Amino acid sequence: MEAGPSSSAAASPPPPPPPAIPTSHQGVWADASPLLATACRDLQDGELVHGENFSLFAAMSALEIMDPKMDSGVERSGYNSIEEAIEDGVAPIPLSLDMTLDVQRSIDVMDHLLSCEATWHKGHTLAQTVFTCIYLMRMERTSSHAVLNSFCRILRATCYAVISVVSTARTHEEEDLFTMSFGLPLRDEGDEKCLSILNSVEETISRQLRACKAPALSKKKTLEGLESLQDNPELEEDYCRALLCRLRFRKHFYHVVTCMRKPQGRGLELAKKHVASCLTELRLMLKSQEFLKCQSNIMLQQGDENCTTASGCQPVGFDASLNSRLLSPTPPRAVKVLSWSDAIRYFEKLLHDLDIICASSLDPVLENVLQFIVQFQKSVPDLVSRAFLQTLLVQDGKLYGQNLFSDVISRALSLPDIIGDKEFQRNEFVVQLGQLVTNLLKILCTNTAWQRRKLGKSLQDWSTISIQLELALKREFGETRDVMHHENMCMRVSKQLLIWTQEHAYWVASRFLTLGFELDLYSPGEYCMVYWYMYVVFTKLIEKMQLRVLASSETSRRKGKKKKDHSKDSARDTTFPSSCLLLQCYVFLSEGLSMMLAVLRNESRSFQLPSIFNTEQERFMQHFDLLLKARVPEHISYYSFKESSSRAGISDLVNYNFFKEIQKILPSLRGSFASEPEKLAELRRIEQVAEHNRIALNIISLVGAGDPSLRVSFEFTHHPHFAVAVVKRS
Amino acid sequence: MSAAVGCGASSSLSRGGGRADEGGEIAYVSYGGEQHLPLVMSLVDAELSEPYSIFTYRYFVYLWPQLTFLAFDAKDGKCVGTVVCKMGEHRGAFRGYIAMLVVLKPYRGRGIATELVTRSIRVMMESGCEEVTLEAEVTNKGALALYGRLGFIRAKRLYRYYLNGVDAFRLKLLFPRPDPGLPPMMTGSERDDQQMDSPYL
Numbered sequence: 026m027e028a029g030p031s032s033s034a035a036a037s038p039p040p041p042p043p044p045a046i047p048t049s050h051q052g053v054w055a056d057a058s059p060l061l062a063t064a065c066r067d068l069q070d071g072e073l074v075h076g077e078n079f080s081l082f083a084a085m086s087a088l089e090i091m092d093p094k095m096d097s098g099v100e101r102s103g104y105n106s107i108e109e110a111i112e113d114g115v116a117p118i119p120l121s122l123d124m125t126l127d128v129q130r131s132i133d134v135m136d137h138l139l140s141c142e143a144t145w146h147k148g149h150t151l152a153q154t155v156f157t158c159i160y161l162m163r164m165e166r167t168s169s170h171a172v173l174n175s176f177c178r179i180l181r182a183t184c185y186a187v188i189s190v191v192s193t194a195r196t197h198e199e200e201d202l203f204t205m206s207f208g209l210p211l212r213d214e215g216d217e218k219c220l221s222i223l224n225s226v227e228e229t230i231s232r233q234l235r236a237c238k239a240p241a242l243s244k245k246k247t248l249e250g251l252e253s254l255q256d257n258p259e260l261e262e263d264y265c266r267a268l269l270c271r272l273r274f275r276k277h278f279y280h281v282v283t284c285m286r287k288p289q290g291r292g293l294e295l296a297k298k299h300v301a302s303c304l305t306e307l308r309l310m311l312k313s314q315e316f317l318k319c320q321s322n323i324m325l326q327q328g329d330e331n332c333t334t335a336s337g338c339q340p341v342g343f344d345a346s347l348n349s350r351l352l353s354p355t356p357p358r359a360v361k362v363l364s365w366s367d368a369i370r371y372f373e374k375l376l377h378d379l380d381i382i383c384a385s386s387l388d389p390v391l392e393n394v395l396q397f398i399v400q401f402q403k404s405v406p407d408l409v410s411r412a413f414l415q416t417l418l419v420q421d422g423k424l425y426g427q428n429l430f431s432d433v434i435s436r437a438l439s440l441p442d443i444i445g446d447k448e449f450q451r452n453e454f455v456v457q458l459g460q461l462v463t464n465l466l467k468i469l470c471t472n473t474a475w476q477r478r479k480l481g482k483s484l485q486d487w488s489t490i491s492i493q494l495e496l497a498l499k500r501e502f503g504e505t506r507d508v509m510h511h512e513n514m515c516m517r518v519s520k521q522l523l524i525w526t527q528e529h530a531y532w533v534a535s536r537f538l539t540l541g542f543e544l545d546l547y548s549p550g551e552y553c554m555v556y557w558y559m560y561v562v563f564t565k566l567i568e569k570m571q572l573r574v575l576a577s578s579e580t581s582r583r584k585g586k587k588k589k590d591h592s593k594d595s596a597r598d599t600t601f602p603s604s605c606l607l608l609q610c611y612v613f614l615s616e617g618l619s620m621m622l623a624v625l626r627n628e629s630r631s632f633q634l635p636s637i638f639n640t641e642q643e644r645f646m647q648h649f650d651l652l653l654k655a656r657v658p659e660h661i662s663y664y665s666f667k668e669s670s671s672r673a674g675i676s677d678l679v680n681y682n683f684f685k686e687i688q689k690i691l692p693s694l695r696g697s698f699a700s701e702p703e704k705l706a707e708l709r710r711i712e713q714v715a716e717h718n719r720i721a722l723n724i725i726s727l728v729g730a731g732d733p734s735l736r737v738s739f740e741f742t743h744h745p746h747f748a749v750a751v752v753k754r755s
Numbered sequence: 007m008s009a010a011v012g013c014g015a016s017s018s019l020s021r022g023g024g025r026a027d028e029g030g031e032i033a034y035v036s037y038g039g040e041q042h043l044p045l046v047m048s049l050v051d052a053e054l055s056e057p058y059s060i061f062t063y064r065y066f067v068y069l070w071p072q073l074t075f076l077a078f079d080a081k082d083g084k085c086v087g088t089v090v091c092k093m094g095e096h097r098g099a100f101r102g103y104i105a106m107l108v109v110l111k112p113y114r115g116r117g118i119a120t121e122l123v124t125r126s127i128r129v130m131m132e133s134g135c136e137e138v139t140l141e142a143e144v145t146n147k148g149a150l151a152l153y154g155r156l157g158f159i160r161a162k163r164l165y166r167y168y169l170n171g172v173d174a175f176r177l178k179l180l181f182p183r184p185d186p187g188l189p190p191m192m193t194g195s196e197r198d199d200q201q202m203d204s205p206y207l
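As given, the protein sequences belong to chains G and X, one line each in that order. Residue numbers for the first sequence, in this note's numbering: 26 to 755. Residue numbers for the second sequence, in this note's numbering: 7 to 207.
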């Protein structure tokens, strides 16, 4: 044992010696207590004795007790237990003996809970957010308070349902705080009835509201047994409305969560309606704010951005530090509960994201599914909606719980004949590829930081399968290259499967590279190599896509011959899908930008990366390590980049103006995407980038790329992945 | 290392990192023993967001004292900056790790952080490290610029890495290999002997 510095070991009198352990061939046992006691006396505070395996993790797992930065159990509230807080009157039932105040305070509790719920969704623990509410922690106490009870009950049931979606999806590898429940009372026997309990409370209040609206009747009705919420008849209607929209929001949100979990997307249509209702209720909640603020008589000093309630009042019944002892032994994470208006905005965004999912047509064409997820991710959805998307996409190992992934693949190969074919389904490659596609869909639903890392790692799997497929193809069918005329079905399937696999490896690579821009992983000095690599990958992607289309049109042509029916689309042989043409735009943008940067490097020595410890080559190898290892594509090295970039000169770039080329393609693309607003928006972005860069290029060539007064910078003002050159002269 | 116990490296030093002489002499000292530990701890505690226990500091300075440096203002002997690091095997590579880097605010912009970290990296390189890594908050523009100039790339983004909920970048510096002509991923290939007529390039 190595005696190193560290923590104090209390020097207490040595315990009685243990019974002697018999001597073994490995050594003699001796009592080391006196030695340890002596050593302890030498240890100062903050020293420790450790073995060789003492790791950074072990060191960092140590927490200093009573240090508020580290000890999450350090006492701050003054209460040692919930019971103590309750006894002290922190969470009274009713919330006030004054009925008006009671309603007011109940609404504050609801509002603060909404802010807590949004804060939880945004990545904090349930214990430090929603469950800081003592009413929720001891729900049985609220049974005499129907309004609060019904609200808390459905909220708790919703939390439980949301946790279940997120745990099922497991998209939360780095977001695992979300599902930790620390033994909180998340579930209770009565919770299945939460809807009926809420409905009856809602019914009572809405009857009361109707009574208010018919003033002539209201007094009579009240006498007839309708209970008013509070004592001031003037305020009754507004309080009814404020409560109703909050309760109804909860009801519809609960429906959204449960409908979206229905197998095979069967509840999506209904969920969509509830999403719309939720949004309506959120608007009504916002509308109620004016009245609530007015009643609270509080001069708002902090402004809306810090208030966690509509009224601006501090809610009763919460204690932020009571649960801190439940948390795992890590330093406390700072929790700042979102303001009520931010919480409303969060839920609006969440509901819009869920709405997009609900609008899914359950399209089984993989290309469209991938496109759908990528488009969905553009608005940077939070964990909860991403989890819903993933649980919709992959259920019971099938796409939407409906389509076997082997069928999804055969559809992508344009081989309708083999859909449902048992031999194809059982094929070892198809099984593996099905697994890869499943993983790909799941990965695409994760946060972009995690997603990029997983995509990078998965490239190796795609590449391994392509290599194995290629080998198998060669083994089975020999060396002959030109066998199109007499190849059999099996060979055709294998070939198409290979092309399809390679295509997807390039698709994954392209997403990996472009996500780097969204995550801000590239510095301007690296743009040249990144765009060069993107150009290479997009080019290969187009090539594979075209090969796949050619192969499948070949298949259909043959089939056509057989069936004597080639009237359908004989032109198909030569037309490629517009997605190929769109990719061509990306190729031009990447190549153009890479060349422009290379010219600037060569002629003005800007955008270079001098460093004392390494060279550009090391940066290249690090950035593209995963692609190079997976051979995506093969035979690419730093030297390929160096060779093409070092030759770049301004005259070539002006002669072959990539940005002009894009402008030639765009009109026809616009026609084919006429019915797809998202694609049209993308075309507009591309056009902007191309136009700005075309002009920038002209200026650079007029001034001369080597002109010392030239200042060029790159900005992502028009497209998240493709920069626009900004030219200035100093 | 999990996000909950992440190490932070920080420095707001920026622009014109090479002006070490401006505004008085700075003396750079390698970690010299117990007397330096409180200096290191108080600097880091004051300037970095993550809390570290004394064992974390001891872990670093006792195992790799040669990688910890302190900067003193020669005028009054005040400790104004420090860097704390480690090195060891990581997934088959010998790797250096910069755990903490701090320079007091009034002393920033004079190249002190660059000098501190350069000294540590040099020792790592001489000790046979193949690469150096660290994490920095995505919002810490000064640190990102400093490491960028030294040849670090932003290899990954780590979602909500710090206790304060901020994302981190994992920064990496790869040292040149002995034979730069043959990157390791291109050699020893299991496919080289197959002479396949590749459909690629």
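Hints were generated in silico from the structure; no laboratory data involved. Keep in mind it's a predicted model, so treat the numbers as computed, not measured. Watch out, some of these pointers could steer you wrong.
What the hints assert, rightly or not - Calculated cross-link-like contacts (lysine-lysine; reagent style DSSO-like; alpha-carbon spacing at most 27 angstroms):
| # | chain 1 | residue 1 | chain 2 | residue 2 |
| --- | --- | --- | --- | --- |
| 1 | X | K147 | G | K403 |
| 2 | G | K147 | G | K298 |
| 3 | X | K147 | G | K94 |
| 4 | G | K654 | G | K479 |
Here's how the hints hold up against the structure:
no. : hint            : in the structure
1   : X/K147 / G/K403 : holds, 25 angstroms
2   : G/K147 / G/K298 : holds, 25 angstroms
3   : X/K147 / G/K94  : holds, 25 angstroms
4   : G/K654 / G/K479 : holds, 15 angstroms
Of the hints listed earlier, there is not a single one the structure fails to meet.
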